[in-house]
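Listed here are the chains, written in short residue letters.
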Amino acid sequence: MNLNEKVYDISEAGSIEPEGDRTIALQIGPSHPGSGHMRIKTRMDGDIITKVDADIGFVHRTSEWLSERRQFIKAIPIVERIMLPDTVHANLAYVLALEKILNIEPPPRAQYLRSLAAEINRITSHLYGIGIFGIFLGSSTVYMWAFGDREPFIDLMEMLTGARITNSYIVPGGVRWEMPKGFKEKAESTLQYMENRFNDYNDIWAKNPVVEARTVNVGVVDRNRAISLGVVGPNLRASGVDYDTRKASPYAAYKDIDFEVPKMNHGDSYDRLLIRIEEIKQSIRIIRQILKDMPEGKIIADSIYSQLNPVMKKVFEQEQRVMFPAFFNQMRPAAAESIARVEAGRGEIFFYLKTNGDKYPYRFRWVTPSFRNLAYFSDVAVGYRLADLPAIYGSIDYFPPEADR
Amino acid sequence: MGILLLIIWLIQDLLYLIVFPGLVVAMVLVILLIYLERKIAAKVQMRYGPLYVSRKVGGALQSVSDLLRFSFQEFILPIGSDSIAFLMAPGFMFAFAMMPLIFIPVGPYYSYLFPSTLTILFSVALITITPIYAIIVGWASDNKFSFIGSLREAFLVISYEIPLLLSVIAMVIVYRTLNYIPAVAFQETHLPGIILNPIAALVFIIVAIRSTGRFPFDITEADSELIMGLYTEYSALFFGIGMATPYIELYALSLIFSLLFLGGWWPVSIHATGLLAGLFLPGIIVIIKAFIVMMVLVFLRAVYPRYRVDQAVRSGWERIIYLGIIAVIISILEVIII
Amino acid sequence: MIINNEDIIKTAKINEDEKKGIIDVFVTDVNSLKNVALSLSKMGFDHCLSVTCVDYRSRMSVIWHVSSYSNDEYKGHVVQLRIDVDTSKLVPDPKYRAPMIEVPSLVEVWKSAEFHERETHEMFGVNFQGHPDLRQILLPEDFYGKWPMRKDFTFNKSGIKYEFE
Amino acid sequence: MKDKEKRKLRGDVEGNARALATGFKYLVEPNRMTLDYPVESMKLAPNYRGFFTVDDKKCIGCSMCEMVCPPEAITMIPRVVSPTGETLPVQEGASQEAGAKPAKKTKRPVVNWGRCIYCYFCFDICPVDAFVRSNVHDLAYYNDADYRPSYEGYLKLPEDPVKKSKKVVPRPDMKRGIKYEPAP
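Protein chains in written order, with my numbering: chain A, 2 to 406; chain B, -8 to 329; chain C, 9 to 173; chain D, 3 to 186.
To be clear, the hints were calculated from the coordinates, so they are not data collected in a lab.
Misleading hints may appear alongside valid ones.
[What the hints assert, rightly or not] In silico lysine to any residue, SDA-like type, Cα no more than 20 angstroms apart, as pairs:
# : chain 1 : residue 1 : chain 2 : residue 2
1 : A       : 299       : A       : 184
2 : D       : 181       : B       : 38
3 : D       : 181       : A       : 217
4 : D       : 107       : D       : 73
5 : D       : 45        : A       : 198
Because the structure is a prediction, the values reported are computed rather than measured.
Isolated chain A (complex conformation):
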């Protein structure tokens, strides 16, 4: 390919059809109720999709570029804002990569609190996905229910961190706030409520004959194809691959926690729908364990705590609030590189961080799960009907801002 002569056709799918071509071009998006912040360029032969080109980048926010030009600590809010339904995981993944460079090991209680926040976040993220899938298939009830049921969990996060979505809870060395009083009881009743709701979700959504008709055998990805496309998270496990980063390379407190990784066999939209419900059940189990087994102790590593000045130590003892040592402002880690992998709600976040002794990261690379799930559009949706496109799109829980970064 001669790149110098390359001309980018903005509306490639909308250009003139070659002679004898009976397909029509259909541009779904970027302003379309079923596209999200992206454009899905499709070609249709009758009602059958023959080609899909997912044109992303409409909400590209240059997070890598911004982070490479700021102090290390300032990347925490940046990565959070890219993955709004999954903030804790993005935060955690970045901090894990940074901690490997700084050689800080957080204390066990902080590890447990990180896992706690991450699992609450996973539930909200899956509920978000279920709700969006609901509205894509036309079920406004599930959309409202799932977003309504996110609320108690967001309320828990608010109690824990003081913010609803953008928590900025995890910092190098530990977490910023101790678990407040009354949190356990509140969490337990919220979890029980969610467990009660599963029957209703099954009746009106997962086992609804219309949903079954729409999703069974739609967007089938078998095991080998899922591996070669490199899809992540619940979508991968719905295709029968037994892979979860929490098991494969445990981080935070997952080494000590007993949980199962749900797995499905068919790899169609219906399995991707069910696996999210199963994962919420596992998350509930994990949160119960964490609340039961949480060890006592400090929530910040000693190497950080020892750098606090007397005023800050007093604040920590009174309010259980970790203040930042001046070191956070002037981090200059030695030249090193590290990676971090975290199983977020939608799949695996990958971080690659390279430092060269400067106060800014030298290379800040991160890959979000949605970006890796892009293959679903261009490879999987081909051959299905136009009405199956929302069923596939919704089931993979794709979040355009997250893919664009």
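Add chains B, C and D to chain A, keeping to what the hints say.
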């Protein structure tokens, strides 16, 4: 003397067409129904629904304010559209959706502009005209999404019209008449149609859901695929008309359902006389029955997602049509036995 | 030693860092890159996590991070397949601000690398030879040829911050 | 279809009946989770991260908050401390009589509310813990300039815009997830 009678007759007909159960009542019911649809969905979905327009009456004027908004909105005519068809099709759609009301008596003493003993046949025949204009709407818009919407409408109309006719034929066989008033009289002396032939009632309800685009057959307007389906390019009052047409259709079908299956103005006797019992009470009863049917049908929005078009067409040809044939057979057996 | 394939050991420098979780496979010869990748893929490293590039000004290193879904032994490890390209001798192209560098594409080996390579292409100006569909993915069309993630990329910063009082 | 049986899908009749029954259950027994916002408003937890200000007496003008602020919302503005201990703008401080003790130069933070993301990093980096929190968060201004208060304006915590509404607190509830109860 004859001229005076003719004038009274005409005024009566005009009142019948415009006020009750025609345009005015239909529009009021539709506005009320749209409000209730949103409220019902909101109840199931754990939220308030329309509230801020006229908060004291629970947001009941929301639909009125929507109508006003549609009326004063800017109308946009797309450049590529077939402008005459684009402008006229919604009007025709609305008119043909209203037309079955001419032939639907809401009481035993209602006379018609076109006196006929074939009212069932006429009303059902007129109902099947509206989709033709829906197809024209999609064609004239010069938009791929509208066009796909109208293609879907065409597919679905063909696959669901026959079951509709079959279910009506089943009832006509039982009642041995093509006129609504003897049909209601038959139900008064025997049993309501829904007990006489429940399969026909089921088929009629499914077809009513389908032809008015209620969930789970909200296929031509599937917003996650087709934006607004047929009405993607419409704005202002034309869009409002397009929105209201399925509800008018729903009203007509619900009236037919309550006359054919729910015993019409039962418990008021067909032989009742006087202004109240003979004229107003039957109408009110029929409309209340029809309104309950409408509410049940709009409640489905809160329960179901939507089917895919090929699934809906397939179920039309593979399931509903057989149900319709079964309904006809049941009716024939009943007639033979009785 | 996790990587015990002889072909890879022969052609690449391997540095396994257990603590950071990286297995660094540094390929010195461009021509052997694809063979190393194929050997890794045969070993069981079946998907690509990320493709990226680090700009050291005089040289650029293109990195493929790969891992395994199917092999239990390799699940916890990430292989960092790395190749350096010398940029000091490249002649600037008048059309672009900085010259494009060329490395072979590994999409044939790992299909999952397709979108990552497209992103690295537009951000760093890496021409992945043999990529089936090397177009821009995130940036607007008129941005082509500016390679924003390179260290020499600059832009006018005026209007970024408000001044007080 | 064979595949379908293997999955234990519900039959059409049972599935439809259960879906309709569930919908009907919620219709007759509504569980309303919405907060009727301007009429009711939430009394937020004491650790909620809302608008904040700085304690003028405690602040030492070290600029740490400006350095850590991720969106660069905090700007340090020059101030002088008068002999009486008040912080004054530079011009007023300079116009003091000659012979009096020279005013001490210092700096104070001011936040651009249009940029602030409420991460509270400034709170935690402050070596003297000088910031003061509030849990007012639902406030918007009319002009761009209003988002950038003067130092004196910044010192005053903004008032709760929905002060008159009924204050409620969220409580977890078995039936509807969150129930809003009147605040104590």
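Results of checking the hints against the structure:
1. Restraint check for residue 299 of chain A and residue 184 of chain A: satisfied, since their Cα atoms lie roughly 18 angstroms apart, inside the 20 angstroms limit.
2. For the hint linking residue 181 of chain D to residue 38 of chain B, the alpha-carbon distance of about 12 angstroms falls within 20 angstroms, and the restraint holds.
3. As the CA atoms of residue 181 of chain D and residue 217 of chain A are separated by approximately 37 angstroms, the hinted pair breaks the 20 angstroms bound.
4. The straight-line distance between the Cα atoms of residue 107 of chain D and residue 73 of chain D is roughly 27 angstroms, outside the 20 angstroms bound, and the hint therefore fails.
5. The hinted pair formed by residue 45 of chain D and residue 198 of chain A fails the criterion: a straight-line CA distance of about 27 angstroms is larger than 20 angstroms.
Checked against the numbered hints above, the structure violates hints 3, 4, 5; every other hint is satisfied.
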